[in-house]
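Use the sequences and the hints to build the structure in full.
Going by my numbering, 349 is the number at position 349 of the sequence shown; the sequence numbering is gapless.
Warning: the hint list may mix true and false statements.
[What the hints assert, rightly or not] 30 Å max Cα-Cα, derived DSS-like pairs, lysine-lysine:
1. K268 to K386
2. K137 to K40
3. K386 to K412
4. K299 to K258
5. K120 to K268
6. K45 to K252
7. K40 to K55
8. K252 to K299
9. K268 to K376
No lab work stands behind these hints: they were computed from the structure.
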Amino acid sequence: MEIRLPFGGKDRQVDIDSLPGALRVGGIFRCQFPSPLSQKSMEDKIWEGLNHYKKLFDNKKILTVVNDGYRRTPTDLLLPMIWDYVEGGEFIVATGTHRNPSGDELRKIFGPLLDEVEPKLHIHNCYDETSLVDIGKTRLGTPVRLNREVIEADVIIAINSVEPHFLAGFSGGRKSIVPGLASFDTVQANHQFAKDINSSSLYLENNPLHLDLEDAMSFLGDKTILGIQCVTDRAGRIIGLFVGTLNEAFLKACDCAKKFYVVEVPRKFDIVIANCEPPLDVNLYQLQKAQEHGSRMVKDGGVLIVMGACKEGVGSEYFMKLVEFYPTPKEVLEKGINDNSFGIHKLIKTARQLKCFKIYYVTMLEGYLVRKVYFKSFNDVNDALKSALSEIGDNVELAFLEDAGYTVPEVKH
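Have a look at this one:
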């Protein structure tokens, strides 16, 4: 039996028959998506959603917010459909704490409209003090400092894709503004709530990180903020589209995403291979999203194997520097719980998981980088499987979680 998994732009073959011991494949779990929406269907939904607000665009300063390259959002498809509403306004890429998009990435985001957008295009920089405005503090104490373009706009329209998010419940919606267009200290303060067990995929109610984001958005209550919120399949084709006020459209998109990104899993398994696909396989920092979802279906004493190429390396120098203060999982659990440094939540979540099962990473990175953040490192998935089998022994049940950065397993027993 051979199973092929995408990895770094090519397929990696998992040769089950060549592995030692009594190994059974208990399941290959993947999302099942409906047919994508037609062009006319999408155009009709946008017209129905925006036409009601058409007069609000007259003689107003309009800001269109788009995602960067770390999301599957088909901005290049959606932007032409709303162009008549937004062409006279400004545009901004919500990078959050990510790096600036490259020229090729901007071309991919905006498509043929890039040349028209570029003279009015802003790239958010969370460290640029001159571009940030302090507008208050949330009830949980998070300082809210946002890009000046947000503060000066009369009408904001956010184009997002909505998928499960391992901390905020779902991506999209409010995340386009906070953390997308927020200062580093705002993002860092909000991320302290990531250590809470309720800060997890699919959860909005009682999720302190999400509730803090909502509170931050309340400071913009005097503005018209609209949303073009889509749900896509693995190929980035739109299967759900919701248009209206940002929060209304976002919540409808969450309901849609939950239908298609959650897979039922009958039980937990000895070994789980959680394969991460683009764009979340880009670096080690993003790859932990696949780890979080895969961790839900691993037995205590088992092994989780996370696959992702990490072609751009680590992804967060703050994260790697933080490990120097907490070189072992034991130390981060003992001393890191009161540390609110950016990225600490990832170390704490990993350390908690390592008390239950082992975690291997299959990447293109040098091994020492992976081992530094508590994982066992491999460059080949078959080597990782052999090592896992040697740890667990015979009569092992294996499962695969495809597109694990977005796919959320729901274990029945």
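Would the hint linking K45 and K252 be met if the CA-CA limit is 30 Å?
Holds, at about 13 Å.
Check the hint pairing K120 with K268 against an upper bound of 30 Å on the C-alpha distance.
violated, 51 Å
Checking one constraint from the list: CA of K252 to CA of K299, max 30 Å. Satisfied?
Violated, at roughly 34 Å.
30 Å limit on alpha-carbon distance, applied to hinted pair K299 and K258
Holds: K299 and K258 sit about 24 Å apart, inside 30 Å.
Checking one constraint from the list: CA of K137 to CA of K40, max 30 Å. Satisfied?
Answer violated: K137 to K40 is near 43 Å, above 30 Å.
Pair hint outcome, K40 versus K55 [Cα-Cα no greater than 30 Å]
holds, 23 Å
Does the alpha-carbon distance linking K386 and K412 stay inside the 30 Å limit?
holds, 28 Å
K268 and K376: Cα distance at most 30 Å?
The given pair, whose Cα atoms are some 21 Å apart, holds under the 30 Å limit.
Within a Cα-Cα threshold of 30 Å, do K268 and K386 meet the stated pairing?
holds, 20 Å
Checked against the numbered hints given earlier, the structure breaks hints 2, 5 and 8 and satisfies all the rest.
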